[in-house]
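**Q** Chains as they are written, first to last, in my numbering: chain A, 583 to 1328; chain B, 6 to 227.
I should point out that these hints are in silico values taken from the structure, not numbers from a laboratory.
Be aware that a few hints might be false.
Facing chain B, a subset of chain A residues (Cβ under 8 Å, in silico) [to be verified]:
no., residue
1, T617
2, Y1023
3, R1157
Now the in silico label distances, taken between C-beta atoms and shown as ranges [unchecked claim]:
no., chain 1, residue 1, chain 2, residue 2, range
4, B, D174, A, D732, 28 to 38 Å
5, A, D1168, B, D174, 28 to 38 Å
6, A, A803, B, S74, 23 to 33 Å
Here are some chain B residues pointing at chain A (derived, C-beta under 8 Å) [unchecked claim]:
no., residue
7, L17
8, D18
9, R20
10, V141
11, K145
12, H202
13, P206
Cβ atoms here follow ideal geometry from the backbone N, Cα and C, with glycine treated the same way.
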Amino acid sequence: MTADTVARAMATPSMPQPFAELGLTADEYDRILHTLGRRPTSAELALYSVMWSEHCSYKSSKVHLGQLAPAAPASAALLAGIGHNAGVVDIGQGYAVTFKIESHNHPSYVEPHQGAATGVGGIVRDILAMGARPVAVMDALRFGPASAPDTGRVLPGVVSGISFYGNCLGLPNIGGELDFDPCYAGNPLVNALCVGVMRHGDLQVAAASGPGNKVILFGSATGPDGVGGASVLASAAFGGSVGAKRPSVQVGDPFLEKLLVECCLELFAGGLVVGIQDLGAAGVACATTELAAGGTGGMRIQLDAVPLRDPSLGPPEILMSESQERMMAVVEPGRVAEFLAVCAKWDVRAAVIGEVTDTGRLVMTWHDEVVVDIPPGSAADGPVYHRPLARPAAQDALAAAGPSALPRPADGPGLRADLLALIGSPGLADKSWVTDQYDRYVRGDTVLAMPEDGGLVRVDEATGLGIALATDGNGRYCRLDPYLGTQLALSEAYRNVAVTGAHPLAVTNCLNFGSPEDPAVMWQFAEAVRGLADGCAALGVPVTGGNVSFYNQTGISAVHPTPVIGVLGVHDDVRRRLSTGFRAGDDDLVLLGRTEAEFGGSAWAHVRHGHLGGRPPAPDLAAEQRLAGLLAAAAAAGLLAAAHDLSDGGLAVALAESCLRGGTGCRVRLPGDPFTALFSESAARAIVAVRPGSEAAFAELRIAHGVPGETIGHTGGDALAVEGWFTIPLAELAAAHTAALPALFG
Amino acid sequence: MRIGVITFPGSLDDRDAARAVRLAGAEPVTLWHADRDLRGVDAVILPGGFSYGDYLRCGAIARFAPVMSELVPAARSGLPVLGICNGFQILCEAHLLPGALTRNSGLRFVTRDLRLTVENTKTAWTRAYSGGEQIVVPLKSGEGCYAADPGTLADLEASGQVVIRYAGDNPNGSADAIAGVCNAEGNVVGLMPHPEHAVDPLTGPSADGLRLFTSVVAQVPG
Chain A
583 MTADTVARAM
593 ATPSMPQPFA
603 ELGLTADEYD
613 RILHTLGRRP
623 TSAELALYSV
633 MWSEHCSYKS
643 SKVHLGQLAP
653 AAPASAALLA
663 GIGHNAGVVD
673 IGQGYAVTFK
683 IESHNHPSYV
693 EPHQGAATGV
703 GGIVRDILAM
713 GARPVAVMDA
723 LRFGPASAPD
733 TGRVLPGVVS
743 GISFYGNCLG
753 LPNIGGELDF
763 DPCYAGNPLV
773 NALCVGVMRH
783 GDLQVAAASG
793 PGNKVILFGS
803 ATGPDGVGGA
813 SVLASAAFGG
823 SVGAKRPSVQ
833 VGDPFLEKLL
843 VECCLELFAG
853 GLVVGIQDLG
863 AAGVACATTE
873 LAAGGTGGMR
883 IQLDAVPLRD
893 PSLGPPEILM
903 SESQERMMAV
913 VEPGRVAEFL
923 AVCAKWDVRA
933 AVIGEVTDTG
943 RLVMTWHDEV
953 VVDIPPGSAA
963 DGPVYHRPLA
973 RPAAQDALAA
983 AGPSALPRPA
993 DGPGLRADLL
1003 ALIGSPGLAD
1013 KSWVTDQYDR
1023 YVRGDTVLAM
1033 PEDGGLVRVD
1043 EATGLGIALA
1053 TDGNGRYCRL
1063 DPYLGTQLAL
1073 SEAYRNVAVT
1083 GAHPLAVTNC
1093 LNFGSPEDPA
1103 VMWQFAEAVR
1113 GLADGCAALG
1123 VPVTGGNVSF
1133 YNQTGISAVH
1143 PTPVIGVLGV
1153 HDDVRRRLST
1163 GFRAGDDDLV
1173 LLGRTEAEFG
1183 GSAWAHVRHG
1193 HLGGRPPAPD
1203 LAAEQRLAGL
1213 LAAAAAAGLL
1223 AAAHDLSDGG
1233 LAVALAESCL
1243 RGGTGCRVRL
1253 PGDPFTALFS
1263 ESAARAIVAV
1273 RPGSEAAFAE
1283 LRIAHGVPGE
1293 TIGHTGGDAL
1303 AVEGWFTIPL
1313 AELAAAHTAA
1323 LPALFG
Chain B
6 MRIGVITFPG
16 SLDDRDAARA
26 VRLAGAEPVT
36 LWHADRDLRG
46 VDAVILPGGF
56 SYGDYLRCGA
66 IARFAPVMSE
76 LVPAARSGLP
86 VLGICNGFQI
96 LCEAHLLPGA
106 LTRNSGLRFV
116 TRDLRLTVEN
126 TKTAWTRAYS
136 GGEQIVVPLK
146 SGEGCYAADP
156 GTLADLEASG
166 QVVIRYAGDN
176 PNGSADAIAG
186 VCNAEGNVVG
196 LMPHPEHAVD
206 PLTGPSADGL
216 RLFTSVVAQV
226 PG
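So that you can see chain A by itself, here it is in the shape it has in the complex (with noise of 0.2 Å):
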């Protein structure tokens, strides 16, 4: 095959080249030309395109979220923040967990099972590269109207996928979320989490440091999947034909990457591993150019050593496939052939294809011809824009059209009704129908998962350390007011990982938006990013590393602006982890924080009156922070037979869920205005059960974390009554909550 040298493209510096295809603009095109002082070749080119990608280049975002780092609170758990392929914190006792989430939106629309799947592969990927061992995976999924008919396509892929992925990896389910809006349609939302745990000194680089050392591509077979990915499909908005673009989504084999985890760790056991990096967005040329970049700076790379499953491949394709299940490895050569045995007892391919070089260039040959000769930071740091942002006149008459309006239930009847349907809905109904596809057991370390607050997963069998993981987004809130309801998101994934007894550590996140060509998209951002900086030194828990998913929108709609935050928790001893279920025994049910009446963005505004106006709730993060030490200690002094935040749908749900889940019924005097106890979504809240001969040191552990509370009834009894306003048989609450989302999906 000819290709395109560099010798040609000096012999030919006009020739005409489709970097409007690629997804460049003139002017990004004009800066390769400045760069290279020559037009780019063929090869150059396509790894431009995508290593400058939305996607891989974080283009539009990085001027924002560079308060990330800065604000973030000094935190001595911290190893490895921002900037690597995910955070790393250190737990104690040896141990540190790297997590991190990441979307995979566009192609679970395009081809759901395939897309849903190798979202996940690729999460593991990033989590296995920093030197970890996978332990668990979640999934934050947002669809259309659940009744819409592309819902059901589009979702039974994306959780067969998960399933298929995660099932066959043997990394457990443990949690996530599941909502449904109409700014979803035609543009899911799929973000999954993935959380590793290792030991101190197991940490590994992405780069390639050490003139001399051999680059090692191991893994599957590279093939034309994923051509383009980050730059056709993660980083421009649809419109036309979507079947036109599954060519650029990949296909994955968990097989092979429950090996290439297995190999991986026994080369990192082995010390075997100088660097490694993961190929995901923009395959060889991420990998090849991030490597080179982080490390001594350069590297040569003969392209045509690389395996192919498909031999009509050239320069071009090689770099730009997202083929799944491979890494790159830098290696010194005297340990190439241990490194390879042990690639083949796993059975998994693996090819010397160049070496790290102290030349400052990244060179690569095509049989014995250079294809790319290019800085690598040219293509690894890539440009920067500073978007026009600008506050949408809307917003204000949106702010003003507030929930107080709506005709609101005012007897017995009526707020039995309304909770019924809250519970009912297909947002806030029993979830089983999506986790009983996922495998939440393998490793035997699950302690809680869905449908508990947060999952909790024990890292160590004879200390009982284990660590906890939320994650939380709520489109509506934010699109009242995306500082705030970034907030109320970080708050909620905080808080949820508090009410399992552990105490939270960290943040990442997984910001969802609209295009960044948008003034009114990069304004909702701006304001998200600030919210979240602010929020989290507030709350003294870093962000470690995440995630920004932009043009998601067809045609002109974008979607609600739904950053999902993922909060990572250290619980001191798993033994003592509180479950959101209630226990026969007569436990004293204490509600704590405070309840004002906030109903805009409210799931009861929502599913009621599909209303959506008004002020999110105010979120108070000083009293985020006192109930979780408050639930902290309860749970560690084992004071607590239960606990539930509460969120969507208030204390009603809450109450709802957690006599559900523990299969035991309660009874209740509500404080205050019925229908504002009940269905309020004021932050810094949840109810606990006390267990019985506590009551006391409780209120004096309360009193003195400095958080409100009140006995507003006890735990008991086969139904959920509400004296002096309704009871609800829980087989009547089961009825209405399990039989939504079969009744939709089958």
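Position chain B against the provided structure of chain A, taking the given hints into account.
**A** What follows is chain B alone, placed relative to chain A:
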């Protein structure tokens, strides 16, 4: 007592099976698919997972692994062997157990805590249970629908080779709600539910599964 746990490429619950062995008071021994060596163990567990990615058919490739050439004759000579989920599928493919496991009738992967009835308490792996006892153990599989021809099913019933049955819902459409069977001698048992995930109430729905492992420990002199 030493109990081997085989790791095939794609085995996932090997670590969990080893933990259950340890909790049952025995020593877990790692067996590698590519070695023709059972390392002198007193019993063997084929764990759950997706050996060879379930390619071709669940268990169809694993049955040809080198370690199986040692295991099959040993099992025929009376070595206690337990196959869990994918291990059950492999034992069926290897003809150590009758029948086959096919796609769930609902066509979806099912993870659920299930009530099971232990019907045969004479096998190497169920002696610690009482006959007809109900236990709660998780199921997690996509191809757990037990199938056999009518004659085989009748023989299994007549000879008491149905070891464990789904007590409530039949989650995958298994013939006669069969969750686990044994060979005629009772030393080889296979089941789709995962007893190794019900050894500690902290991490499972119960500790009911532990007695599958203590059954064999009590039986073999250590």
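**Q** Run every hint past the structure and note whether it holds.
**A** For each hint, the structure was consulted:
| no. | hint | in the structure |
| --- | --- | --- |
| 1 | T617 | violated (43 Å) |
| 2 | Y1023 | holds (4 Å) |
| 3 | R1157 | holds (6 Å) |
| 4 | D174/B - D732/A: 28 to 38 Å | holds (31 Å) |
| 5 | D1168/A - D174/B: 28 to 38 Å | holds (32 Å) |
| 6 | A803/A - S74/B: 23 to 33 Å | holds (30 Å) |
| 7 | L17 | holds (3 Å) |
| 8 | D18 | holds (6 Å) |
| 9 | R20 | holds (7 Å) |
| 10 | V141 | violated (13 Å) |
| 11 | K145 | holds (5 Å) |
| 12 | H202 | holds (4 Å) |
| 13 | P206 | violated (10 Å) |
Hint check: violations occur at hints 1, 10 and 13; the rest are consistent with the structure.
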